[in-house]
Amino acid sequence: MAGDKVDPVHQFVVNKIVPIEIGGIDFSFTNASLFMVATLVVAVGFLYFTTSSRAVVPGRLQSVSEMSYEFIASMLREGAGSHGMKFFPMVFSLFMFILTANMLGMIPYFFTVTSQIIVTFALALFVIGTVLVYGFYKHGFGFLNVFVPSGVPGILLPLVVAIEVISFLSRPISLSVRLFANMLAGHITLKVFAGFVATLGTMGAVGIGGAILPMIMTVALTGLEFLVAFLQAYVFAVLTCMYLNDAVHPGGH
Amino acid sequence: MFVTAAYAQSTTTEGTETHDAAAGEVHTETGVAHEGGHGSGVFPPFDQSTFASQLLWLAISFGLFYVLISKVILPRIGGILEARSGTIARDLDDAARSKAEADAAIAAYEQDLAAAKAKGNAIAGEAREAAKAKAAAERAAVEAELNDKITAAEVRIADIKAKALADVGAIAEETAAAVVEQLIGKASKAEIAAAVKATAK
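Chains as they are written, first to last, in numbering that gives the first Met the number 0: chain P, 0 to 252; chain F, 0 to 200.
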């Protein structure tokens with residue numbers, strides 16, 4: 000049991016709740032699935048019920064919903080211009096989903112959906128896929144201008160284009176790994192320090208004295224992790240806006 | 000160290016022989032995870048056996064989330080914000096209209112005030128003119144009366160003067176008669192009177 004507490008990776012294990020298997024592939028409803036659904040319910044529920052009074056003068060919670068709306072709207076307008084506003088539901092959904100998932104993950108014993116690389120990678124691919132599909136649909140091969148920055152001397156052009164292509168291809172990786180690694184590392188660090196407190200606490204008076212330091216660290220890290228949880232959702236949304244800008248204005252480097 | 004059992008139990012549904020070996024590796028992997036967050040195969044976030052399920056449930060939950068957000072939540076919040084800006088604009092219009100009304104009322108009041116002032120000035124001017132005219136008339140009447148009195152007085156003075164002058168004639172006649180009587184012994188009254196008259200002229 001003690002070992003269970005100090006193992007910092009155990010929190011990321013996916014457990015099956017309702018085993019489902021279709022065509023030999025495992026589609027079980029797991030704790031990860033549970034918290035995805037919980038994220039959906041919490042976020043939609045919050046946004047729905049805080050705005051149910053439709054007050055002209057908003058209460059605190061209604062203000063939170065309205066602020067998140069205006070926050071994302073202004074972010075997208077600045078990032079991708081007024082033409083980018085057709086992606087508002089997508090960016091808002093991504094931001095709210097990641098933010099809610101990160102925040103739910105901060106509650107002890109709760110599973111952190113965004114600490115799974117496959118989840119963040121799928122979200123990043125969704126973004127890049129949207130950029131590609133919309134870019135080619137809207138601009139045809141003109142979308143390839145995104146790889147050709149204007150004002151570059153002819154000699155440098157092959158090199159610059161190569162760099163642009165590599166940077167474009169690395170986007171889904173950086174986008175997904177950033178979020179995944181932040182959530183993973185943060186939760187592991189928290190667990191390790193909290194584990195120190197528990198382990199040292201069982202070692203008598205000296206141990207309890209020594210446990211104060213990791214205890215302080217745990218409290219400080221918890222605050223930091225809340226910040227990171229918001230910040231990573233914000234960064235994901237901002238980068239989504241930037242990438243969507245490429246799809247909307249491919250020549251606009 | 001005891002985690003192996005727990006971890007293995009949690010993933011035993013896999014039930015393959017490779018799993019024992021994988022479970023044995025957990026500790027080395029978690030040890031690495033402390034430093035770099037790297038791992039292979041069995042490090043839970045990289046456990047490929049869970050990928051299909053996670054992708055499916057992510058697609059379901061995020062897809063549903065996207066639909067609810069775009070069809071329900073965003074129109075709802077957007078509607079609230081629009082209604083608010085509409086209300087604010089309407090209130091501002093009302094305020095502007097009220098201000099215009101107040102301005103008009105102030106202008107009307109000032110106009111009335113100016114008219115009243117002008118009327119007051121006119122009344123005062125009229126009163127002043129009337130008083131002036133009355134004073135002038137009175138003065139004229141007094142002057143006329145005084146002139147009458149002066150004329151009457153002059154007439155009287157003239158009468159008295161004439162009378163005195165007449166008396167002077169009589170006295171001269173008497174004196175002349177007396178003088179003549181003394182000189183020649185007798186005097187004709189009529190001659191003397193004629194003579195006095197001639198000298199007096």
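The set of hints was computed from the structure by calculation and includes no laboratory data. Every value quoted in this text rests on a predicted model; they were computed, and no experiment measured them. C-beta atoms are modelled at their ideal positions from N, C-alpha and C, and glycine is treated no differently. Keep in mind that a hint or two might mislead.
[Said to hold, decoys possible] Keeping only pairs whose Cα atoms sit at most 30 Å apart, straight-line, the calculated DSS-like set for lysine-lysine is:
{"#": "1", "chain 1": "F", "residue 1": "K196", "chain 2": "F", "residue 2": "K162"}
{"#": "2", "chain 1": "F", "residue 1": "K133", "chain 2": "F", "residue 2": "K148"}
{"#": "3", "chain 1": "P", "residue 1": "K137", "chain 2": "F", "residue 2": "K70"}
{"#": "4", "chain 1": "F", "residue 1": "K162", "chain 2": "F", "residue 2": "K185"}
{"#": "5", "chain 1": "F", "residue 1": "K70", "chain 2": "P", "residue 2": "K85"}
{"#": "6", "chain 1": "F", "residue 1": "K185", "chain 2": "F", "residue 2": "K196"}
[Unchecked claim] To spell it out: a stretch of chain P is covered by chain F in this simulated footprint if at least three of its residues, at any positions, have a beta carbon under 8 Å from a beta carbon of chain F; those stretches are:
{"#": "7", "region": "9-15"}
{"#": "8", "region": "87-98"}
{"#": "9", "region": "216-224"}
{"#": "10", "region": "227-237"}
Would you check chain F against the region 227-237 of chain P, counting CB to CB pairs closer than 8 Å, and say if three or more residues qualify?
-> violated (count 0)
Given the hint that F:K70 pairs with P:K85, test it: the Cα-Cα distance must not exceed 30 Å.
-> Within the cut-off at roughly 13 Å; holds.
Given the hinted pair F:K162 and F:K185, is their alpha-carbon gap at most 30 Å?
-> Roughly 29 Å between the alpha carbons, so the hint for F:K162 and F:K185 holds.
Count the residues of the region 87-98 of chain P with a beta-carbon closer than 8 Å to any beta-carbon of chain F: does the count reach three?
-> holds (count 7)
Per-stretch coverage check for the region 9-15 of chain P, three Cβ contacts closer than 8 Å to chain F = holds (count 6)
Are there three or more residues in the region 216-224 of chain P whose C-beta lies closer than 8 Å to some C-beta of chain F?
-> Violated: only 0 residues of the region 216-224 of chain P have a Cβ under 8 Å from chain F.
Given hint F:K148 paired with F:K133 - CA-CA distance at most 30 Å | holds (23 Å)
Given hint F:K162 paired with F:K196 - CA-CA distance at most 30 Å | holds (15 Å)
Do the alpha carbons of P:K137 and F:K70 lie within 30 Å of each other, as the hint requires?
-> This hinted pair holds, its Cα atoms lying about 24 Å apart.
Hinted pair F:K185 and F:K196, Cα distance within 30 Å = Holds, because 19 Å separates the two Cα atoms, which is no more than 30 Å.
In terms of the numbered hints stated before, the structure departs from hints 9 and 10, listed from lowest to highest.
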